[in-house]
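Participant: Below are the chains, spelled out letter by letter.
Number of protein chains: 2
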Amino acid sequence: MSHLPEALRIETRAVLKRAREASWTLAQASGALKNRWLVRLAETLQTGQDTILAANQIDLKNAVDAGRSGAMVDRLRLDDRGIQNLVTALHEIAAMPDPVGRVTSGEVRPQGFEVRKQRVPLGVIGMVYESRPNVTIDAAALCLKAGNAVVLRGGSEALHSNSALIEMLRSSLHAVGLPMDAVQQPATAERQAIEALVSERDGLDLCIPRGGTQLIDFIMQVARVPVIQHYQGVCHLYVHSAADLAQATRVVVNAKAQRPGVCNALEAVLVDAAIADEAVPMLVRALTAANVQVRACKRTIAHAGGCAVAAQPDDYGQEFLDLICLMHVVDDLDDALAHIRQFGSRHTEGILTRDIAAAHRFTQGVDASCVVVNASTRLNDGSCLGLGAEIGISTTKLHAYGPMGLDSLTTERWLVVGDGHVRQ
Amino acid sequence: MSHLPEALRIETRAVLKRAREASWTLAQASGALKNRWLVRLAETLQTGQDTILAANQIDLKNAVDAGRSGAMVDRLRLDDRGIQNLVTALHEIAAMPDPVGRVTSGEVRPQGFEVRKQRVPLGVIGMVYESRPNVTIDAAALCLKAGNAVVLRGGSEALHSNSALIEMLRSSLHAVGLPMDAVQQPATAERQAIEALVSERDGLDLCIPRGGTQLIDFIMQVARVPVIQHYQGVCHLYVHSAADLAQATRVVVNAKAQRPGVCNALEAVLVDAAIADEAVPMLVRALTAANVQVRACKRTIAHAGGCAVAAQPDDYGQEFLDLICLMHVVDDLDDALAHIRQFGSRHTEGILTRDIAAAHRFTQGVDASCVVVNASTRLNDGSCLGLGAEIGISTTKLHAYGPMGLDSLTTERWLVVGDGHVRQ
Chain A
0 MSHLPEALRI ETRAVLKRAR EASWTLAQAS GALKNRWLVR LAETLQTGQD
50 TILAANQIDL KNAVDAGRSG AMVDRLRLDD RGIQNLVTAL HEIAAMPDPV
100 GRVTSGEVRP QGFEVRKQRV PLGVIGMVYE SRPNVTIDAA ALCLKAGNAV
150 VLRGGSEALH SNSALIEMLR SSLHAVGLPM DAVQQPATAE RQAIEALVSE
200 RDGLDLCIPR GGTQLIDFIM QVARVPVIQH YQGVCHLYVH SAADLAQATR
250 VVVNAKAQRP GVCNALEAVL VDAAIADEAV PMLVRALTAA NVQVRACKRT
300 IAHAGGCAVA AQPDDYGQEF LDLICLMHVV DDLDDALAHI RQFGSRHTEG
350 ILTRDIAAAH RFTQGVDASC VVVNASTRLN DGSCLGLGAE IGISTTKLHA
400 YGPMGLDSLT TERWLVVGDG HVRQ
Chain B
0 MSHLPEALRI ETRAVLKRAR EASWTLAQAS GALKNRWLVR LAETLQTGQD
50 TILAANQIDL KNAVDAGRSG AMVDRLRLDD RGIQNLVTAL HEIAAMPDPV
100 GRVTSGEVRP QGFEVRKQRV PLGVIGMVYE SRPNVTIDAA ALCLKAGNAV
150 VLRGGSEALH SNSALIEMLR SSLHAVGLPM DAVQQPATAE RQAIEALVSE
200 RDGLDLCIPR GGTQLIDFIM QVARVPVIQH YQGVCHLYVH SAADLAQATR
250 VVVNAKAQRP GVCNALEAVL VDAAIADEAV PMLVRALTAA NVQVRACKRT
300 IAHAGGCAVA AQPDDYGQEF LDLICLMHVV DDLDDALAHI RQFGSRHTEG
350 ILTRDIAAAH RFTQGVDASC VVVNASTRLN DGSCLGLGAE IGISTTKLHA
400 YGPMGLDSLT TERWLVVGDG HVRQ
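Those sequence lines, one after another, are chains A and B. First residue of the first sequence: 0, per numbering that gives the first Met the number 0; consecutive thereafter. First residue of the second sequence: 0, per numbering that gives the first Met the number 0; consecutive thereafter.
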């Protein structure tokens, strides 16, 4: 890693050292004080709304001038309603129970000493993300509520918006008597700063990348700290031979079309060969009516009545994030499981069936952060599952698999209280 | 990573592919079947004892011929009693509850669908370790009981012993109808094989290195998969001004001398300045009587009555793993916390005091996988804490912080069971 400028390394270490010191204060801050900060931050965003919108305008203009896509400009945009949503989210996070200090188990051991497991903050978290400036507020609020310091590295396209928001994060920390350095940006805005940040061994306790696969691939290549990937969701629903077809059709359409651009949206429908003659036309008709393009295997095409296009090899395992859906006929449940093992991304996988034995075999045999039975893949979401606000959906198995809420931003330590107890 | 021979990469991918396929079978294997394997393995070790001891003799002879230290030769040695201990451990692991499938929480969401969190295996685990051949059996037993496949890479010094043991692991799997490839060795015995194994992104779900700091540093440098470090234990006990000195002395001597060569052994005693004149002579006398060399700061020396040597700068933060102990006088509790932040390794840290407020402040302010109050650091151990057999003691905060038992070799996934539920 000698290719990184030494000055950048030194500045990065200084950022991380300040973050570490701030993390000690945050780790001991009371829940009441952290909540006071969240409410103060909400007020600051409201009173500073014009400043935020003005900064956002610069980013928007730069994006348009640079010829960015309409979808990307949309993701960049902050408006009155967007800021109000942030304010609401901050009040919701303030209302959530504080995870720090929670005793998750405990007992008196036979020798007579007490043992407890207790949630403590992770320490210093690095959040590397793209586009949406609202992540700046959401991520900082969740990390700090869980007692951590955070280094935030948003995309260069949102530089002005993020800087304005980070200024408000820091000033509101100062206002309630918490260390401003609990929220920082990397030393510089260059891409090299990401590498410097994540390659400093023991600098971050956790790096969470959220963004396109290119960003995540880059971080996986250079990171020397633990990374929880929020990688792609290539989500499947398997319409089993004993499915309630009317219900299955409603679920498939919801999973694909309710919000196609997100990671828990459906990307591929697997249809059991035993019911393909009836199921394929129903599914294709309903998806087409919802403006979804169906890309179909040969066996699907035979039943699709001309409403589907032939799937190409690279449509398999593809995260379309769009109104496009692969449809593929499988021989049976085992074939469905084999297909998902080959093309799935361990995000969300589901079966639609009235047969309880088939549901059992499917859930036992599939590996994904969330397995759904007779329900939409879109339910794999922190708010739907009862976690409250989430910082993302992990496709890494370690530590957190699936939606990551406040608890996932802490770890559990051991506490032993004795009265002179020793090891025999 | 182009410096690795392409043939090694290809062979490593083949090992990992076979391990992945075996992991699917293991993930669905019943607890009864996995326990049958453990018992069969215990029998195989007993009937094959002569084969194991003969292989071990070759490793021992090679080690002696190579001029290895007596301590290292000792760690390599397997004898009748060592094999009997392995047999006992296997029966204990068979008797432990199966973590796979355990539902850890669940509820019916307001919309009416059911949500459960459930333990599932991690998948494929890579275990890289040194010296002790018994780790081969312990690690494989724990990984497979938790439903995982494992790739085992022991030290080259134990090559013959480990190969004999791995042969027995595989033959006993075959005997009960489980896939032999759930236990494998890397493609070659060369050190490059470690790099090939851990740098294959998404190849392993987890790498657990156990060994010296050099081995772990190397893996942290080359790994592209999640690593849980079992790094060094620079453990401190702080003798507070309100300590019961007789009790504190017994605890300090136990923590240092009961088994000095392990990671949860004490390395440094911090003595509160307020009681140094009384505490230092007591502690130094007791440690010296237990054959411990005390390396002391200037203020300690002043009270040590000539029984301590002057500490050098690099004695601070040192993991002696020997009958050597640093002793350092601190101004007060805050100074003790600052000292531990600077020199500790987040393994095991403790306070000895009768003052409940001091204990509270210390436990709140210190960051370690295990914090002890009025007890020996040696209690930070899977069996003492009630976990049963452990695969190591993690100093990584993510996923498992402290002793790692069976549960730490699984993750939790989400299961959603609906009746046509969709996202609104």
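Don't read these hints as lab results, they were simulated from the structure. Computed from a predicted structure; not experimentally measured. Careful, some of the hints might be misleading.
Remember, identical chains collapse to one label, so a pair may be satisfied in a single copy or spanning two.
Derived pair list, reagent style SDA-like, types lysine to any residue, alpha-carbon separation capped at 25 Å [as the list claims (entries may be wrong)]:
| # | residue 1 | residue 2 |
| --- | --- | --- |
| 1 | K60 | F342 |
| 2 | K60 | G105 |
| 3 | K116 | L386 |
| 4 | K16 | F342 |
| 5 | K16 | P312 |
| 6 | K116 | S29 |
| 7 | K116 | R190 |
| 8 | K16 | D380 |
| 9 | K16 | D418 |
| 10 | K297 | Q48 |
| 11 | K116 | M95 |
| 12 | K16 | A337 |
| 13 | K16 | A53 |
Participant: Run every hint past the structure and note whether it holds.
Facilitator: Results of checking the hints against the structure:
no.: 1; hint: K60 to F342; in the structure: neither (39 Å within a copy, 50 Å between copies)
no.: 2; hint: K60 to G105; in the structure: neither (56 Å within a copy, 47 Å between copies)
no.: 3; hint: K116 to L386; in the structure: both (21 Å within a copy, 12 Å between copies)
no.: 4; hint: K16 to F342; in the structure: between (42 Å within a copy, 15 Å between copies)
no.: 5; hint: K16 to P312; in the structure: between (49 Å within a copy, 22 Å between copies)
no.: 6; hint: K116 to S29; in the structure: within (19 Å within a copy, 29 Å between copies)
no.: 7; hint: K116 to R190; in the structure: neither (39 Å within a copy, 38 Å between copies)
no.: 8; hint: K16 to D380; in the structure: neither (34 Å within a copy, 31 Å between copies)
no.: 9; hint: K16 to D418; in the structure: neither (37 Å within a copy, 51 Å between copies)
no.: 10; hint: K297 to Q48; in the structure: neither (54 Å within a copy, 58 Å between copies)
no.: 11; hint: K116 to M95; in the structure: both (21 Å within a copy, 20 Å between copies)
no.: 12; hint: K16 to A337; in the structure: between (48 Å within a copy, 14 Å between copies)
no.: 13; hint: K16 to A53; in the structure: neither (32 Å within a copy, 53 Å between copies)
Checked against the numbered hints listed earlier, the structure breaks hints 1, 2, 7, 8, 9, 10 and 13; every other hint is satisfied.
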